Structures are given as structure tokens and as C-alpha cells.
Amino acid sequence: MEKLYAGKALLKAQPDYDENGEELSVKIPPYLPSESLKKAVEYARLLNRPLLIRGEPGSGKTRLAQAIAFELYGKEYRKYFFEWYVKSTTKATEGLYTYDYLANLRDSQNKSNEQLPEKEEYVVYGPMAKAFQSQKQAILLIDEIDKADIDFPNDLLLELDQKRFFIKELNKKGELPHEEKAKNSPIVIITSNDEKELPNAFLRRCVFHYIDLDESDDLDNSKENIRISRRMEIVKAHIASFSENSKQGELLSDEVIKDIVSRFISLVNEMKANNAIKKPDTSELLDWVRIIHYFWLSGSDIKEILLKKEIPYPEILLKNLEDFSRFSKLEL
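With numbering that gives the first Met the number 0 applied, the sequence shown covers 0 to 331.
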């Protein structure tokens, strides 16, 4: 039986590695998946379907694929981890392959070549094709699929459903179209920011999960306590990782972290109630904590910072001029 994704490999920051398994100077930040997210990963694997992930910015959508790959393959994970970052101009074929027509033309016009290279040599495979070619089950990230043209998801139905694709440039007269099939069906993680609705034909082929940072298995806890405790858990994991190069043992206390998170949530609630243009998300919370932590280590009085009624370091949280004018002096 295949190894299940338990979500335990990145409970704290781990060394990162290159494709040769050599340790890098950077670390992989912690990743703390919920029980429902871990189950969704297994449902997708059992059904051999892509897992479509949605959630607020900073909730960990993009990092899920790396976390799965690292848990399954450890320091060799980059051999089996492929990333496809979608842009507004991205075409579906780019994730499969591109054909170097210019090199092909140049070689064909070079009369000094007695024999031209095989056409296969002009094919440059993309991340999806490389995931299909992997000798072990690969993990493929297709990030922000909703950024592309509305037809983009439907252009990948064959590839996502049947794990095969065609290369028309390699077709030979009198033979069937040249087809490439996956050696091992990859785990496909697709993220979306809800910028546009995705086609129903595409959605039917996916397992869906929404990352909800307010989710909890504790039914006795209030929603507000859940919001605070979940974000505290994320902050504590990250603060431990970026503190490793700081003064040894000097971490923010649980009391201070709770105060920071509570003020953050109060700000978000206030902005939501007053129709702010852009509310801060989890990634900005982590940046805010990092700045507070840095100045604390530099000698600032943490209590003095947090006792101020106005938001400390509002530039980290408020990214719109109107929001900054309205909320930077807000007393929380």
C-alpha cells in the first residue's frame, strides 16, 4: 500500500535540498495541514483525481504540493516535484511541451549536416510531461489555474483524466498520432484564487477542498477562540523557523503571540465591517510578527510595542492608500 500523507514531515522547519539531494542554506518553512486537508489528499489519490485547492491568500494552498513531496521522498523530493505557475497568457500545451521550430529550421538549412537530429531532440518537455515521465509517483503543482484563459482548464481534460497527451510534431505519415502516456500517475495539486469560475467539465474531474483557517475538530470551542488558536499555531511554527539565526532561545511567549494574533483578528473584523478594500491575510500576519520579533530582538520593549492602542508597523498590514488612511490610526 502507498505511503499515506500524514502531514507530519514539516511540523517544524526542515533543511531544503537541491535536485541532487545536496542540502541548501535555506529551510523549508513549517506546514500544518488540517485533518480534513489530509483526508482530501488521500481521497484524490484513491480516485486518481486532481485535488483543487481554494482558500484565502496565505492559507497554504501553494505549499501543499511541496509538503506532500517532502513527506513522501525526503531529501530527494525535488526529483519528483514539478511546479507549473500559470499566468494570464499561459497556454495548456506549455505545461506539456514546446517544440523548437527555430532550431529545427536552422539545422535543416545547414547543409553541412549530413543527417539531421531526430525530431524528438527538438521537444522541450514541460512540468506536466516531466511528472508523467517520472520513474516514481510525482507530485505536480498547477498554481493559480484561474489566472489563465477560461478555456485553459478544459484544454487539459484529457491529460488530467487519462494521463496522456499527443505531440503532433512527432506524427509520422501512415501511423497513429504520437502519444505519450504517464509511467506513473502523479499526485496533482491545483490551486485557485476564485478570480473566475472554473468550467463544470473540469470541476467534475477534481476533488475539491477549501482551506479554512477557522476550521477545528474541537466542537466545544467558540469560533473566535478557534480563529485565535489556529493562527497562533501557524505563527508559533513559523517564528521558531525564522528565529534559528537569532538570539538562541529568545522566542515570543504564548501570551505575546496571542496578543498579536488577537489584535490582527480585531483589525480584520473592523476592516470587514467597514468595507475595506483589502483586508490583510495570513501571509501578512506572518510578516507582521516577523517585524515585531525583529525589533524585539533589536532591543525594543515588546510590551511597549503592544501596549500602544494604535496598530504597530501598519505598513506591513495595510496595502491600499484608502485603507491605510482609514485604519492605520485605529485603536484596538
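Since the hints were made in silico from the structure, they are not lab data.
In this text the structure is predicted, and so the values were computed from the model without any measurement.
Note that beta-carbon positions come from the ideal geometry of N, C-alpha and C, so glycine has one too.
Treat each hint with caution, since some may be false.
[Claimed, not checked] Heads up, simulated DSS-like pairs for lysine-lysine below, C-alpha to C-alpha not over 30 Å straight-line:
| hint | residue 1 | residue 2 |
| --- | --- | --- |
| 1 | 235 | 195 |
| 2 | 182 | 167 |
| 3 | 37 | 118 |
| 4 | 118 | 86 |
| 5 | 167 | 38 |
| 6 | 37 | 167 |
| 7 | 37 | 182 |
| 8 | 78 | 222 |
| 9 | 328 | 86 |
| 10 | 277 | 235 |
| 11 | 26 | 328 |
| 12 | 182 | 235 |
| 13 | 180 | 129 |
| 14 | 277 | 302 |
[As the list claims (entries may be wrong)] Per label pair, the in silico range of CB-to-CB distance:
| hint | residue 1 | residue 2 | range |
| --- | --- | --- | --- |
| 15 | 261 | 320 | 44 to 52 Å |
| 16 | 314 | 180 | 25 to 33 Å |
| 17 | 3 | 107 | 47 to 55 Å |
| 18 | 56 | 116 | 41 to 49 Å |
| 19 | 87 | 23 | 26 to 34 Å |
To see whether the hints hold, each was checked on the structure:
Taken as a hint, the residue 235 and residue 195 pair is broken in the structure, with Cα atoms around 34 Å apart against an allowance of 30 Å. Distance check on the hinted pair: residue 182 and residue 167 sit about 20 Å apart at the alpha-carbon level, within 30 Å; holds. Straight-line distance between C-alpha atoms of residue 37 and residue 118 comes to about 43 Å, which puts the hinted pair past the 30 Å bound. Restraint check for residue 118 and residue 86: the C-alpha separation of about 29 Å stays at or below 30 Å, so the hint holds.
At most 30 Å may separate the alpha-carbon atoms for a hinted pair to count; residue 167 and residue 38 exceed this at roughly 39 Å. For the hint pairing residue 37 with residue 167, the CA-to-CA distance comes to about 39 Å; that exceeds 30 Å, so the pair is violated. Using a Cα cut-off of 30 Å, the hinted pair residue 37 and residue 182 holds, with the two alpha carbons roughly 25 Å apart. A C-alpha spacing of about 41 Å is found between residue 78 and residue 222, which places the hinted pair above 30 Å, so the restraint is violated.
With a C-alpha separation of about 37 Å, the suggested pairing of residue 328 with residue 86 is violated against the 30 Å cut-off. Our distance criterion of 30 Å between C-alpha atoms is met by residue 277 and residue 235, whose separation comes to about 25 Å. Proposed proximity of residue 26 and residue 328 is contradicted: the alpha carbons are some 36 Å apart, above 30 Å. A hinted pair counts as satisfied when its Cα atoms are at most 30 Å apart, and residue 182 with residue 235 does not qualify at roughly 41 Å.
For the proposed pair residue 180 and residue 129, the alpha carbon gap of about 11 Å is at most 30 Å, so the pair holds. Taking the CA atoms of residue 277 and residue 302, the gap is near 28 Å; set against the 30 Å cutoff, the hint holds. A beta carbon spacing of about 27 Å between residue 261 and residue 320 contradicts the range 44 to 52 Å that was offered as a hint. Remark: the range hint 25 to 33 Å for residue 314 to residue 180 is contradicted by a beta-carbon distance near 52 Å.
Between residue 3 and residue 107, the C-beta spacing of about 52 Å keeps the proposed range 47 to 55 Å intact. Look at residue 56 against residue 116: about 45 Å separates their beta carbons, and that is inside 41 to 49 Å. Range check, residue 87 to residue 23: about 31 Å between beta-carbon atoms, so the 26 to 34 Å window is met.
Checked against the numbered hints given earlier, the structure breaks hints 1, 3, 5, 6, 8, 9, 11, 12, 15 and 16 and satisfies all the rest.
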